[in-house]
Amino acid sequence: MAAGRHFNADLAECGFQQRQQALAESFWRLQEQDLDQRVALLERTLRQSSRLERKVEPERRQEVFASNFQGPFVARGQSTQEGIYVASVPQTVAPRARQATQQVQVQRPISAFLAGQHESISKYLNS
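Be aware that the sequence shown starts at 160, since it is given in the working numbering, and climbs by one per residue.
Honestly, I wouldn't trust all of these hints.
To be verified - Pairwise CB distance ranges, derived in the manner of DEER restraints:
hint, residue 1, residue 2, range
1, 246, 175, 44 to 54 Å
2, 245, 194, 21 to 31 Å
3, 176, 224, 16 to 26 Å
The set of hints was computed from the structure by calculation and includes no laboratory data.
Glycine residues also receive a C-beta, built at the ideal position from the N, C-alpha and C atoms.
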């Protein structure tokens, strides 16, 4: 009778291990599918951006870039070529929200900069 109990325990342990392996494999497959989807999305985005760049005339590229990005933001000792550019946010915000945004920019300029409101840091540094 004791041998039967060991056999059942071994069988249960084997079933548990198989379930664990099946779960690990399904998790791995889901991660792989997610990765495949992300790669496909990145490839599509790159293809679209390369098509858009070809449509813009070379002399208008700088104009388009300047209207979409703010900068360069440079650290002390860096040249403007080493600076970073940040995507600008359109000013289509309701007046109440704009007022709250300006209040945050004054009270917490570094947090506002990290949240994408890049003009707050220049106001802070200039004051």
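Evaluation of the provided hints:
Range check, residue 246 to residue 175: Cβ separation about 51 Å, and the 44 to 54 Å hint holds. Between residue 245 and residue 194 the C-beta distance comes to about 29 Å, which sits within the given range of 21 to 31 Å. Checked against the hint of 16 to 26 Å, the pair residue 176 and residue 224 fails, with Cβ atoms roughly 58 Å apart.
Consistency with the previously given hints fails for number 3 only.
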